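Asks: Please work from the sequences and hints to get the whole structure.
Protein chains in written order, with the numbering used here: chain L, 1 to 160; chain F, 1001 to 1553.
Derived from the structure by calculation, the hints contain no laboratory data. Just so we're clear, the structure is a prediction, and the values are computed from it rather than from any experiment. No residue lacks a Cβ here, since even glycine has one placed at the ideal position from N, Cα and C. Fair warning: there could be bad hints in the mix.
Selected chain F positions facing chain L (Cβ under 10 angstroms, derived; list incomplete) [as the list claims (entries may be wrong)]:
no., residue
1, Y1062
2, P1134
3, P1135
4, P1218
5, S1287
6, G1289
7, K1291
8, F1310
9, N1338
10, N1362
11, Y1365
12, R1458
13, I1459
14, F1541
15, P1542
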Amino acid sequence: MESFEKVFLAASAIVLVVFLCALGYSTAGMSIHLPSEAGEIYCTPAQKLRKVLRKTPPFDNPGVREVAPGKYEAVVIGQTWAFTPDEIDLPAGSDVTFIATSADVVHGFLIPGTRVNMMLIPGEISKFNYRFRKPGEYMLICHEYCGRLHHTMSSKVIVK
Amino acid sequence: MSTPIVSDPAEFLVPQNQLNVVRWNIYFGFAILAIGVIMGLDQALNYARINIFQYYPGIRSYYQGLTIHGVFNVLVLTTAFANGFIALTTARGLGRKLNDALLQAAFWTLLIGSLLAAYAMLIGKATVLYTFYPPLKADWTFYLGLALVVISTWITSANQLVVLRGWRKEHPGERIPLMAFMSIATYVMWDIASVGLAVEVVALLLPWSLGLLPGVDPMLSRTLFWFTGHPIVYFWLLPVYVSWYGMIPRQAGGVLFSDTLTRVAFILFILLVPVGFHHQFVDPGISEGLKFTVAFITFAIFFPSLMTAFAVMYALEIAGRRRGGTGLISWFFKIPWNDPSVAAQVLAMLAFLLGGISGLMNASYTMNMEIHNTAFVPGHFHLTIGTAVALSYMGIAYWLIPFLEQRELWSPRLARIQAFLYFGAVLIFSTGMTAGGLQGMPRRTDLSDATYNLPSWRIPGIVTAVGGSLMFVSMVLFFVVMVMTIFAGKKNRTLDIPFTETVQTPPAGGWQIQLDQLRYWVLASIVLVALVYGPFIYAHFPPNLSSPGLQYP
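Replies: Here it is as structure tokens:
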């Protein structure tokens, strides 16, 4: 191998390693975490997932609740083609954990302007923590195709 | 001096009946692409909230058109092109004819499979998009069609291996010629990568759609899909790399520098198959540790593409300097830009640079939360598959169709305009998509009918529509040039495939001979697949078939 080949290959490797270190730092140093394992919902083909959810906490009671001072939990169910609840109210600066799942097909859970971005998969619980600093009205939209009226599936988050 | 990268550079001619099958594959792929780009125009305009699918005959929804756009452009076109083009480079690379029965079988399997899937999509019974995530359910003809498309690639791979075995018997101890090595490595990689999709479709979705299984496991199915769904992009890209390494240096008037570096790049693609989880960064049910591991492997897969950037650009520099170019940069303007085949493919490389950068952003998983499933993603992959690959296909077609027809290219000038127009158009298009995606504009959503909107999506949407319309115009020019070449090109019986030569010969001994032992690399790849996917598959076995499914809800 010629020396200029080696130099180029080494430089390429270094660039990638530096990027990877930055990624590691964003997770470990800045605590930016991805949605990951947050539990499953068991259901057999004979049962209807929608009915099982009605008996499975916390999805038996969708909505917002304060779990500690300034800390909130928002439980959301996605189904064709709506989110339950259809509005989420939060005080500005509050720390909220979204706990969500799907009652039928795969849905998306995106709040544009934030990094709240999850997939809702039937049988899986999705969890994500976020702090809304700025008051305002945010859209919550489904960003995974879920049938002919997918583009009508939205809800809103109102931060006062 | 320099050495050819084919076994028999001058004398061997691929039999005419085999060239005919190659030609059917390529024409079928481009015919399918024509339908795909008509659907694409509607997708682009939709971002500007202009709805034209209602005027398309037989198309009932945006999503039906989008399904056809995705399946036709990236499954059928790519498979047809690879099956044809790579069969040709294998035969010519080894200087041996292919197995006739397997060559025919691959074509007919692909044709029947594609028509079955097309039927399901056109009657509106498979509006499930290119990813067909269950529990969305399509007609069984759709799944069977996709399975046949995949099987056609396995038949092509078997054909290559049969020819290679014959070649090895007659050439004991010789290095596999580089052209053949690249061609075979492409399909060997794909043989491993396609297993996920094959298992998903044949073992789970097809029986489910026929009523033989009570339900599906949505989590397991999408994981199997993405097992194939990322390395499938190597399957789109590597036939283009065969051209970039093996033909472009010659077409530009240069040579390829290193045989060994080229082989190592292809082997890295075989090794680094298990990266699909990076499409599932924001999925529940997958640990963050696994996501970080896959991010690492995804970064590693950039390495062979950086090697390619180096090797191909160096070959172009040799060409530019031979043609009188000097200085640090100015040689770049001396390469034969007036050859539409070279122009299209070098522009494709430039787009790939930008596509690679946005790909690294996607792969950086904390960034991924900003842009997952937004328009940023199609903004990225229209630079990679949509330009690096598609514009290279067009560049290759600018010599391949004249070669297959033994007619000269009709209006190289128009072909050149087509390539530059496409490049400019896709830059505009991807700028719109990328900007919209950063503002949370969703992808794969019928925005012209959406009940929500954001003011910040307006201008990116318009830019996307303008760029997409120009891409469409460029595609029309491409088809005009193709049709006119086939019917009105000047007869020329001397046209041949442009094979590059290398400066550094493949060494006949030393560690490099291990590079040709593909079975070792396959084994290493399978071990890595088992390490990354093993624990997940084990935890999801047997599948929990709990979702009964919804047919076009």
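Asks: Run through the hints listed earlier and report the numbers of any the structure violates, in increasing order.
Replies: 9, 10, 12, 13, 14, 15
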